[in-house]
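K.L.:
The primary structure of each chain is shown beneath.
Protein chains: 2
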Amino acid sequence: MTVRSTDHESPRPFPPGLTVRHPRPSDHAVLQGALTDWWGGQGGEAGAQQRRLLVPRLFLQHFAGTSLLVEEVEGAAALRAFLIGFLSQTDPETAYIHFVGVHPEAQRGGLGSALYYRFFDLARGHGRSRVRSITSPVNRNSIAYHSRMGFRVEPGDHVEDGVAVHTDYDGPGLDRVSFVREL
Amino acid sequence: MTVRSTDHESPRPFPPGLTVRHPRPSDHAVLQGALTDWWGGQGGEAGAQQRRLLVPRLFLQHFAGTSLLVEEVEGAAALRAFLIGFLSQTDPETAYIHFVGVHPEAQRGGLGSALYYRFFDLARGHGRSRVRSITSPVNRNSIAYHSRMGFRVEPGDHVEDGVAVHTDYDGPGLDRVSFVREL
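So the protein sequences, as listed, match chains A and B. Read left to right, the first sequence gives residues 1 to 183 (my numbering). Read left to right, the second sequence gives residues 1 to 183 (my numbering).
Isolated chain A (complex conformation):
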């Protein structure tokens, strides 16, 4: 029997006062608001529009079981973080994290890590041995974060600031860094 280092990962607890649940289609408007507001205006209105278009309602309708919302319990439920993910239907070993957001005031408290580890558990539960994700090469925080979370960067077609990048990965001008992590 091969014991991989990842066999003994302990789940990261969610910070107190928060609940985790799967999304419903009716959460879409609140999620769109988060995609507009949580990135500190990164990319201006065009950047906000781009983020919103990357999370159409279909993800909440058809990939709810591998997606997660985190809300504050106190008072009216307020969204603090979300993860949109799915199981690859082409590669039965792979799960994919499409989009993750954490409210600016809730960052650096372990909330993002707890979400990732919860998704890893969900993916393992569906027999997946690998998680993939991508990010923009300008998003240095995201690249550093994925490295800390155990992802490695896949080879690209050129290197920027020491990181392999795929030119025009998601279309003209949309370069991406591609990550993979064994489960």
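Check the hints yourself; a few may be wrong.
Here are a few chain B residues that face chain A, going by a calculated C-beta distance under 7 Å [to be verified]:
(1) Thr90
(2) Phe99
(3) Val100
(4) Arg108
(5) Gly171
No lab work stands behind these hints: they were computed from the structure. The C-beta atom is built at its ideal place from N, Cα and C for all residues, glycine as well.
Guided by the hints, dock chain B onto chain A, whose structure is given.
P.N.:
For chain B alone, kept in the frame of chain A given last:
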């Protein structure tokens, strides 16, 4: 045993001189070009950008088995049509058609219908009994086309020109008409 009318659908043949195959990630650039060029400039550059962002590479990587490309056989393979679809991971009865395009010069020849029927067969093969899709309320051709293909319009929150519409379905200003069809 209940025999539904759709039990006896005959597959529509593809026009001669064309081949059908599942997409690969390396098809993404050609597909992005089609999303830019095939809609007659609908919505200007913003419309083209919106269409391109709706089909990130992940669909070709992870939903290839329920997506289809149609190419001309003669000479260099030239894309003539595509369908991007997937199986819902939340509702085991539902398959979803995300995006369909037919080259302007190849329209009205039955190519679109052949693609839809091929997808219906794929969906049935995966045990799905229902197909869903959406379109923009301004896209009257798409609404008429879905009706001819046996889809019915689902109730919305208001009616435009006799068609039920969901306001802000995919975000602010992104109203949508929602279709469903039994298989």
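K.L.:
Does each hint fit the structure? Answer for all of them.
P.N.:
Each hint tested on the structure:
1. Thr90: At 5 Å from the nearest chain A Cβ, Thr90 of chain B passes the 7 Å test, so the hint holds.
2. Phe99: Since chain A brings no Cβ nearer than about 11 Å to Phe99 of chain B, farther than 7 Å, the hint is violated.
3. Val100: Where the cut-off is 7 Å and the nearest Cβ of chain A is about 14 Å from Val100 of chain B, the hint is violated.
4. Arg108: 28 Å, violated
5. Gly171: Since chain A brings a Cβ to about 5 Å from Gly171 of chain B, closer than 7 Å, the hint holds.
Comparing the model with each numbered hint stated earlier shows that hints 2, 3 and 4 do not hold.
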